[in-house]
Structures are given as structure tokens and as C-alpha cells.
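S.K.: As a plain string of letters, each chain reads:
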Amino acid sequence: MDLAATILVDGLIYAGWLFIVSVGLTLVFGVLNILNIAHGSLYAIGAYAAASMVGAYFALGGEAFPYGSYVAMILAAVLVALVLGPLLERGLLRFFYGRDEVLNVLVTYAVFLILEDVMKLIWGVNPYFVYEPYTLLGDVEIGPLFYVGYDFAVIAAAIIVGLAVWLTLNRTRVGKVVLAVIHDSEMSQTMGVNVQRIYLGAFMAGTFLAALGGALTAPMISVTPGLGVNVIIVAFAVVIIGGLGSVPGAAIGALMVGISRAASVHLLPEAELFIIYFVMAIVLLFRPEGLFAKTQARKI
Amino acid sequence: MRYNLILAAVVAFVVLAAGSVVLPDWAMFLFAMALAKGLVCLGIVGMMRGGVVSFGQGLYYCLGAYTATLVANNFGVSDIFLLTLLSAAVCLLVGMAFGPLLSNYRGIFFAMLSLALSMVLYGSLSKMSFIGGTDGLNIAAPTFLGWAPEGRALQTALYIYVVAIVVIAGTLMRVYFDSERGLITLATRDNELRVEYLGASVRNVMTYNYVFGAVLGGIGGTIAALALGHVDPEFAFWTTSGEFVFVAILAGFLSVPSVFVAAIILELVRSFSNLYFPNTWQLALGIFLLVVIIVLPNGLGSLVKRRKGKAA
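Read top to bottom, the protein sequences are chains A and B.
Read in order, the letters of the first sequence are residues 1 to 300 in full-length UniProt numbering.
Read in order, the letters of the second sequence are residues 1 to 312 in full-length UniProt numbering.
Don't take each hint at face value.
[Stated by the list, open to error] Chain B is faced by these chain A residues, among others (derived, beta-carbon under 7 Å):
{"id": "1", "residue": "Glu101"}
{"id": "2", "residue": "Glu186"}
{"id": "3", "residue": "Met280"}
Since the hints were made in silico from the structure, they are not lab data.
Being a predicted model, the structure only gives us computed values, none of them experimental.
Heads up, the beta-carbon is just placed ideally off N, CA and C, and yes, glycines get one too.
With the rest of the complex left out, here is chain A (with noise of 0.2 Å):
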């Protein structure tokens, strides 16, 4: 019993984390349809422009008011988002609307290459800790267990970062503009949408979502490059789990995933490098193109 909890929680605050890095990935490819590779790089940009700023508010004299970082860590999202959202949208993702999907993938996965060695260049190879946020919030006891008061923040994160982005899309006008654009582009535009407005909008969330997650992240590990590889493709398979495109299905995949993964650490730890990848090969096996997908008609 005991050990059916502990997965549960460890799962909870591992899906978490996972779908704050994968709903930005899935709301960019709702809306512009691409795969975004790039989304790995700009969650370590985030990590790193989080350890930068909280780095910096210490040094100015946060001690005076600790909890001062967190908001260091939500601005340095935001910084990050406003910076690299209309550089990489307007700058390069505009020209590839519409073309092959695949193809899409290869220009992210350049921008993806590229960012990596921009990161090395401004924050250099050694590696960044801020351990202060992490032991900021103290600890919880369930059962005979602790747990770091600062992993159910992210947990409550994430629950905030879904309600938000789920009532945004489902229950504002702006929300509803969106859908429309997803829906149908042409005809939005015609109806006197700014799609490109739109366009940017939500690639900017995405980024917005991808440098929080990394920002949110850093404090729990040391910031070294490399960070956003592996982040990547844990990220793609839960959207693709969920269904390419869906809020929810980000949501269940994130907790399939994190459940999996806390299980097999727990049972049977050699699994733990492929469950994500087997979670991911059983559901396509069953819903080919995952739990949330939406139905599309075939061109004849």
C-alpha cells in the first residue's frame, strides 16, 4: 500500500513537470501546425535565464524577501517568451506555414541545433545551481515519507497552467478566435481574424510555457547544456500520447507517463530509460494517432 502511494505521488509530481513542458509543444501545434524541436532548447533557455535572474536577485539583496525569486524565476519565462517568440516566429516559422509537416520538423530541429550553441556562447559550458527556491518552501510528510514542499508546487503549477490555458481557449473570446484559426485559417481571415496576430500569439505561449517549465526545473538540478535533448522527446511523446493538438490529452498523457515511469523506478528500474517510449508505441498501437486526436477527412 505504502508503495502504491509512493508511485502515485512520485508519478504526480513527475507528470507534473511533464506537462508544463509538453503543453506549450501541443497548443504551437495546435494552432501552427508545427513540431516544434525547438521547444527543448527554449525550455533550457528558460532554465538558464532562471538561474541567471534569481542569481541576480540574490545578489541584489533578495535575502531580505526570499519568495521575491519565484517571481525572478516567472519574469525570466516571460523575458525569454518576448524575446525568442517573435524572433523565431516572424523571423523564420512564417515562411514554412503550410508546407510539408516533416519538413517543419527539420527547420525546428536546425533552429533547435543552433540554439544550443547560442546557449554555450552566452552562458558559457559550467554548470548553474539556485538551490534557494528548492528549500524555500520546506518539506511535507505523508505517511512515513517526505517529500519537498517544492515538487507539489509544481504540481499546483501545472494545475494552474492547464486551467489557464484550457479556460483561455474554451471560455474567452480570444479563445474562441483561436479555435476558429485552428478550425479553418482562410476562412478566419477572411471573417476579419488577424491570423498572423494569432499565429504569433500562441507561438509566444508556447515559448512562454516551454522557458517556465525550464525555469521551474532549474532549481531542482544543476543547469549544464545539453538540458533540452532529452527534454524534447519525453515532451513529444507525451503529446503524442495525447493526441497532437489537445490540452486534455496533454494532461493524461503527462499522467500515464509520469505514473509509468514512477512505477517502473520503483519495480523494475532497469525498464525506466524506454517506458516512456513503450507507453508511447502501446497507445499508438491501439489509437494511431492518440487519445484525443481529432478526426480529419481523407482528400480524395
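Since chain A is already given, all that's left is putting chain B on it; use the hints.
M.R.: Positioned in the frame of chain A, the structure of chain B alone reads:
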């Protein structure tokens, strides 16, 4: 037409084989590796003609490499012909097992499922400490029908071997591409449903393309393992597969020789940018890739076709 093809194959063999005389050691190794990887990419190009791209061709590259290594280490087989045949056979069987399954998938889902399969292999190999885990395994230098060359002679023999296989595989694939099934593949790329209505089985051609890709991947992996003298699970990692896709896109699906030209270009760009910009070679590679996508969206092969089109 067939005579032209045979003539082209002979010319290609002579030109490439001449490399064994003129190329310095480092370049011969680089070319041999590039051509071995080019074989894997040729398999991807075969699938690309049908509109799908495998992001997990590292699966067969790795499977071929490990099959050769394990057979060589455990059964003392060092003959390169036998090792290549065995790896190709193993990949053929695995390809035939997965092919019918994957032939149901299209677009990004095909890419991701093939990627998942190769990552499962990567994860399994990494955890199998009895065959080296993440460190991988060494494989001894191959023999050629009992002949055991060393030094430059070994390199030359290996290089000529790759060249021969590349020319044979390239010719066979060209014949296949121009065959009825190969042309149905092209039609599938344009419109799958129409092909089905006309009475051809799309699943069938997709399976064939996948199985051919598997065999080519296994052969490429075997040669790469023998040239490097070492294999490790990275052979199946997604960045390895990503590189193969990179070459396939760079080459385009129109021409066979351009696949190997693209593979050589990528190896050259990578080693020189590694040499001259050791800290920013990924940046150089990324920019190069972007330029190619923007300037030649249909790949290097489109240059040849375009010229032919004008002449006609």
C-alpha cells in the same frame, strides 16, 4: 534504359573506387563512414517517396552494428561478407515484423512510432551491462574471405567494400524506384486514397519500403561498426536517426546518387566545422541546414532534375 543504368553504376564505382588511391587516410575513413550512413539514408529516401519519414532508422543501424559485433565476439566470425549477410538477415526479420504494423501510420505518427521503437532499443541496450551497457563493445577488424589486411590495406579494403555495396544497393534501389511498386509509392505520396481506389494496396508498398529501409540500415550499421571498431547504444539514439533524416531531406527523394553526395557533404561540413569552430559547430550545421531547406526545398536531387527538365 537499363544499359544507361549499368553504365552509370560502373562509372560511379570507378570514380568512387579511385578515391582509395587519391584520398588520404582520414578522408578515406570519413568517406567510408559517410557512404555507410548514406545506405541508411537511402532506406529513408525510399520511404520518403511514399510520403513518410522514419525518425527511428537508428533502430536498424544499431541492430546491424550489434548483430555483427555480438556474432564476431561470441562466435569468432570475422568475415565481412558473412557479418553483413547476418546483420541484413536479422534486420530483414525485424523489419518484416514491424513493417506491416507501421504501414498503417502516416506523417508525424509514423515518425514518432518508429522513433519510439528505436528508443526502446536504445534504453534496453543501455541497461544491459552484460553486453557493455552505455560503454558499448569493441569489434575486431574484419577479414575478407580469409584475407586479414592491416593498416592502410585494411582501410582501403573496407572502403572498396563500402563502395561496392553502395553501388549495388543504389542500382537495385533505382530499379525498384522505377518498377511498378516504386511508382505506386510515388503516387501514394500524392494521393493515397486515389491509389487505393485504383486497386493498388498502399499498405503493401509501404511495408516493402519499410523492409528495404530496415535491410539497408542493418548493412550500413554493420559497416560503420567495422570501420569504427566500436558500437554503443548511441547508434539507436534519436539524434543519430535525426542525422539520417537530415541527409535524406538534404538529398531529396528524386535522385539516388544525391543521397550519398548529401551524406558526404554532411560529414565534411561536420568535421570541418568541428575543426574550425569547435564550440559552435552545431550552430554552423543548423545554419547550413536552414539554408539548404530554404534554397532547395526538394533537396540536392532537384538540381539534377531541374536541369534535365530544361533540356527536355
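S.K.: Against this structure, judge whether each hint is valid.
M.R.: Now the hints, each set against the structure:
no.: 1; hint: Glu101; result: 5 Å, holds
no.: 2; hint: Glu186; result: 21 Å, violated
no.: 3; hint: Met280; result: 5 Å, holds
Hint 2 from the earlier list is the only one contradicted by this structure; the remaining hints agree with it.
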